[in-house]
Structures are given as C-alpha cells and as structure tokens.
Amino acid sequence: MTSKQKYRVALFVFTAPTLLFFSIMVVYPILQTFQKSFFNWDGLTPATFNGLDNFRRLFQDDDFWVSLKNGLIFALVLVVYQLGLGTVLAIALSNKKIFGRKFFKTTYFIPVVLSSVVVSQLFIAIYNTDGGLVNSLFTALGINYQQAWLSGEHSSIWAIAFTNAWQNLGVHLVLIYAAIKSIPEQLYEAATIDGASFWRTHWKITIPLLGETYKFCLIMAITGGLNAFQNMFVMTNGGPGNISYTFTFMMYKAAFRSGEYGYGSAAAAFLVIECLLFTILINKFVAREKISY
Amino acid sequence: MLKRVMSRISSYGSLLFFVLISLYPLVWLLFYSFKNNEEIFSTNVFGVPHVWRFENYVNAFDVFDLVLYFKNSFIVSIGTVAITVFLSLMFSYAAARMKWRFADTARIYMTAGMFIPMQIILIPLLVLSRDLHLQDSYLAVIVPYVAFQLSFSTIIFYAFFRSLPFEIEESASIDGASVYRTFFSIMVPLVKPAIASVCIFVFLFAWNEFLVALVMISDNMLKTLPLGLLYFQTQFGSDWGTMGAVMVISTIPTIIIYLLFSEQIEKALTVSSAVKG
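Protein chains in written order, with full-length UniProt numbering: chain A, 1 to 293; chain B, 1 to 277.
Check the hints yourself; a few may be wrong.
[As the list claims (entries may be wrong)] Example chain A residues on the side facing chain B (calculated, C-beta under 10 Å, incomplete):
1) T2
2) M25
3) V26
4) L31
5) K36
6) A92
7) F99
8) N144
9) Q147
10) I207
11) G211
12) M220
13) G264
14) C275
15) T279
[Said to hold, decoys possible] No farther apart than 20 Å at their CA atoms in a straight line, the calculated lysine to aspartate or glutamate pairs in the EDC-like style are these:
16) A:K253 <-> A:D62
17) A:K215 <-> B:E266
18) B:K99 <-> B:E167
19) B:K267 <-> A:E212
20) A:K204 <-> A:D194
21) A:K4 <-> B:E263
22) A:K204 <-> A:E189
23) B:K192 <-> B:D131
24) A:K6 <-> B:E263
25) A:K253 <-> A:D42
26) B:K3 <-> A:E153
27) A:K4 <-> B:E266
28) A:K97 <-> A:E189
29) A:K102 <-> B:D175
30) A:K181 <-> B:E266
31) A:K105 <-> B:D175
32) B:K3 <-> A:E274
33) A:K4 <-> B:D175
34) A:K105 <-> B:E170
35) A:K102 <-> B:E169
36) A:K69 <-> A:E153
37) A:K215 <-> A:E274
38) A:K253 <-> A:D61
39) A:K181 <-> B:E263
40) A:K6 <-> B:E266
Think of the hints as simulated: they come from the structure by calculation, not from any bench.
Owing to the predicted nature of the structure, the values given are computational and were not obtained by experimental measurement.
Ideal Cβ placement from N, Cα and C applies to all residues, glycine included.
The following block holds chain A by itself, in its conformation from the complex (with noise of 0.2 Å):
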C-alpha cells in the first residue's frame, strides 16, 4: 500500500464507526418520525398511508392545545428564571470582591446534577397540600395563601416549571459567569473612569457583550421548556385533566400507551417544527452579528 492509501484507510478506520451509528440511531429515526407521521401506523403491522389526517386530528384535540399553551409557559418560566436570575447571580459573582466564589458557584450547580426523578419526587413533597414546605411556610409566615400547588388549574404548570428551572439554573449560571469572566478588564475600568453606576456599567457593557451566550441559553431553555416531559409525567403524570400535558407526554400516550404510534409520531414532528421556529427565530433576533472585543 502507499502512504496515500493507508492515510484514506486509517481516515475509514477514525469516522466511518461513529458517523455510521450516529445516522442509524439518530439521523434515520427523525426522518421516521417525519415519514411515519403521514400514517396510520400501530408500530407492528405495516403502515398505511393517510396523508395529512393526522395532523387533523392533532389541531382538533383538546390535550394539543393545552400542551402547546404549557410548552410555551414552561419556555417562559425557564427563560426568566435561569437566564434573568442566572445573570443577576453571575454579575454578582463576578465582583473580585466577592470572596467564597468556589464555593456559590458549587452550591448552585448541586442540582444540576441530581436525577430528575429525585427532584420532582421531593419536589412533589415540597407542593404537597397538607404540611408541604410550601404552604407550610405561608402558615409560618401567617399569609394565607395555601394552594393545591400540583393539582390546581392555574397554579400545576407553573409550579412544575420552576421545579425544572430550579434544577437547572447552574447550568446557564455557569456559562453567563463564564462568558463574563472573557470580558476584557479595561472595558470596566474605562466605564469607572467615566463614573458610569455598578447596575449601569454592566447594563451598558456587560449585557450586550454577551449576546452570543444568550443565544445559546435561550435556545437552550425554550427547546428545554417546548420539550418538557419527565417532571409531569412523575409529578401529575400530566394531570389532573389534562392540565399540565405537553408534547412529548401526547406522544409518550398515543404510541407508548394507545399503540397509535403515527398520532404519535405527528405529535413529535410538531415538536421538531416548533422548535426549529423559535431556533430561527433567537438566531435571527439575537446576537446576529459575531461580537468582537
């Protein structure tokens, strides 16, 4: 063999095992979803084809538009809390003269690494109606607030929500503490120089510096958010109702409980479609151009 051959042929060796598995098990199951969501399909027998019936029947059923309202809270909740309060924590994190920082920014990545079944469980016990720490704390606090936190209509989605936005703020936590960390100094000290206010300064500079990794977080929560799944299907199992459903919970249903799994399939391809969107529309809307310092 030349040297030539053997380079095309160790080159064979180093990709050909990973982009072979990555198309069978990730890239030819999406295009199913896509093409098996344009059948009527029961995932044993063969599918047949009934075009766009599917989707019909998706914009016809109650439970898609009360999982499309609770993808969108669920997007809002996690965007607000782990992208506002995220930033507030990092700013205030990032002040040199700030000393235990190791020891914050450990505290706060602790529940990212739990297992989600293990956060709703307690959470669950957190929200629980008689002596939940939730209202238990309302009576401590003597406000008389007290709630069917899982169960009530206007209270389940939300206080789902947070249980995932609480889980996962160390995450965007880190990557905002981590992109303002790259922030060059003299930026700062010209802004001092000028007497630009603490709140000001990081309004001004520290904010739109960032714009490249707000757009990472925010995809990444709003997909996040659009996707939700795990924490209702242990909290409420997407109860009472149909109250705190979700794409993903329809799709779970329809294939995993029902055996319709091309009702199912279109359920997921909305997701996709969904979620593209709003990839589109953050890489359209924020960050557009590439920042440099």
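Based on these hints, arrange chain B on the given structure of chain A.
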C-alpha cells in the same frame, strides 16, 4: 464608601439567599429521610428531626432493591461512557487533525445532534431496537445513550484536538510513527483532561436518564435507578420517610462525583457552548 459597603452587602445577601434556595430543599430531603410522616408534614416541617429514625434507611435496603438498581445503572453508565469516548475520540481526531475534503461537513453533521430533542426519535428507536433484538438487554439503553452523547463529546474533543500544535504529527511521522500509533501513544494522552470531562458528563447523564429507560426497559431485572425510584414511588409512596432515604442513597454517588470533579464539569460545559455550529 457607604455606597460600596451597601453594594457588597446586597451582593452577599442575594448570593447567600440563593444558597438557601438551592440547598435547603436538599437539606430538607436529608432531614425528612430521618422522620416519619407525622413529623414531615405536621409536627416538625422545617427543622432537624426530633428523633433520628435510622430505621428508614434499614427499611430502604429491605424493601427497595438498591443493589440491583445500582448495579444496572453502573453497568449502563460505564458501557455508555466507554463506547461514547471511544467513538467520538476517533472521529474528533480525524475531523480536527486529518486532511480530507469533508472534515467540516462531517463535524457539523455530528454536532447538530446537540440541538435535537431526544424524545422525538423515541418511537422509531423503539421499533429499531425491536428489529435489532436489543430489547431486554443493557444494550437497549446503552446504544441510544451513546447516540445522544456523541454530539456533545465530539464538540469537546474537537476543541481540545484543535488547540494542540500541528508540529506534533509532523515530527511523529518523521520518526516513522503510523497514524494509529500517533493517535494512541501521542494524541490521546495529550487530551486526557478532555477525556476526564467527557467521562464524568456522560456518566452523570446515563446515571440519571429516565425517559429512554422507561420506554426501552420492561424487565425488572434490568431497571436502572431512576426507574426503580419511580416504581418505588407508586408502590410505597405513602411512606415518605423511607422514600426519602431511598432518594438520599441514590443521590449520594452523583453529588460525590460532582464535588470531586466540579472543575472538569464546568469546563466541559463552557467549551461545548463556545464551539457550536
């Protein structure tokens, strides 16, 4: 001066307040794992247990098959880590260091997986694993886990391989080393920190994953820890103290891993967000 002191106080105040929000629920879990139902929900909601009921932990080991679930989670996680690291390390090396026309295209193709929500391919995945007869084996979850972690680990390894000077290969080839030898004896040792980061990340993912396991595993003997917890909740959900003990025990390994390797984890996270697309 006064203003500066005030801003320090407000910074510390908000940081400490948030420590309370992040940690107290977990401390509360630890406390209630030593309490009985009455103490958890009425007589002593917030504080340290009056009576330390270690029997909750004894119960946990009696009624909950901890050893089995730990073993399953361990096998699944180690298997996922080994295959993911092996595959993505080789691919990233080729994408970052070898000269071929489609290097960039192939890399972008692989990293796009970062943004694909894994639940959307669950249905075809189940059918596929049935066709490949993976069902009711550890591979039924290991294979999808690897597929989903490949993108992330490729991004990390690619970034690390890119940061090394290109003269390394030149001098290796002058010394007569083959591509494989250069890769295994020179390049892999150089990216050890990245390998550590990816191992921890992928391990935590596989240890905690729940949705794929729920769909793919029906055999009780193969259930991973999160599935066991879910099953336990439906069976013994009314005994909160024992439930708490089970949750504490199953959480300890991940917290220890995190405390030991927090820097690698944070590094991997920031690298993956910086090198996208």
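Taking the hints in turn, this is what the structure says about them:
1. T2: With Cβ-Cβ at 14 Å, over 10 Å, it is violated.
2. M25: This hint holds: M25 (chain A) lies near chain B, its Cβ roughly 4 Å from the closest one there, short of 10 Å.
3. V26: Constraint on V26 (chain A) satisfied, holds at 5 Å.
4. L31: Interface hint status for L31 (chain A): holds (8 Å vs cutoff 10 Å).
5. K36: holds (7 Å)
6. A92: Check passed: Cβ of A92 (chain A) comes within 4 Å of chain B, closer than 10 Å.
7. F99: holds (9 Å)
8. N144: Check failed: Cβ of N144 (chain A) comes no nearer than 17 Å to chain B, outside 10 Å.
9. Q147: violated (16 Å)
10. I207: violated (17 Å)
11. G211: violated (13 Å)
12. M220: Holds: closest Cβ of chain B sits about 8 Å from M220 (chain A), inside 10 Å.
13. G264: holds (6 Å)
14. C275: holds (6 Å)
15. T279: holds (7 Å)
16. A:K253 <-> A:D62: holds (14 Å)
17. A:K215 <-> B:E266: holds (19 Å)
18. B:K99 <-> B:E167: holds (14 Å)
19. B:K267 <-> A:E212: holds (17 Å)
20. A:K204 <-> A:D194: holds (13 Å)
21. A:K4 <-> B:E263: violated (41 Å)
22. A:K204 <-> A:E189: Holds: K204 (chain A) and E189 (chain A) sit about 13 Å apart, inside 20 Å.
23. B:K192 <-> B:D131: violated (37 Å)
24. A:K6 <-> B:E263: Measuring from Cα to Cα gives roughly 40 Å; hence the hint is violated.
25. A:K253 <-> A:D42: holds (13 Å)
26. B:K3 <-> A:E153: Violated, at roughly 45 Å.
27. A:K4 <-> B:E266: violated (40 Å)
28. A:K97 <-> A:E189: holds (15 Å)
29. A:K102 <-> B:D175: Given that 20 Å is the threshold and the Cα spacing comes to 45 Å, the pair is violated.
30. A:K181 <-> B:E266: holds (13 Å)
31. A:K105 <-> B:D175: Not satisfied, since the Cα-Cα distance of roughly 46 Å exceeds 20 Å.
32. B:K3 <-> A:E274: With a Cα-Cα distance of about 47 Å, the restraint between K3 (chain B) and E274 (chain A) is violated, given a limit of 20 Å.
33. A:K4 <-> B:D175: It holds: about 18 Å lies between the C-alpha atoms, which stays within 20 Å.
34. A:K105 <-> B:E170: violated (42 Å)
35. A:K102 <-> B:E169: This hinted pair is violated, its Cα atoms lying about 38 Å apart.
36. A:K69 <-> A:E153: holds (13 Å)
37. A:K215 <-> A:E274: Roughly 17 Å between the alpha carbons, so the hint for K215 (chain A) and E274 (chain A) holds.
38. A:K253 <-> A:D61: holds (13 Å)
39. A:K181 <-> B:E263: Status holds; Cα separation ~15 Å.
40. A:K6 <-> B:E266: violated (39 Å)
Comparing the model with each numbered hint stated earlier shows that hints 1, 8, 9, 10, 11, 21, 23, 24, 26, 27, 29, 31, 32, 34, 35, 40 do not hold.
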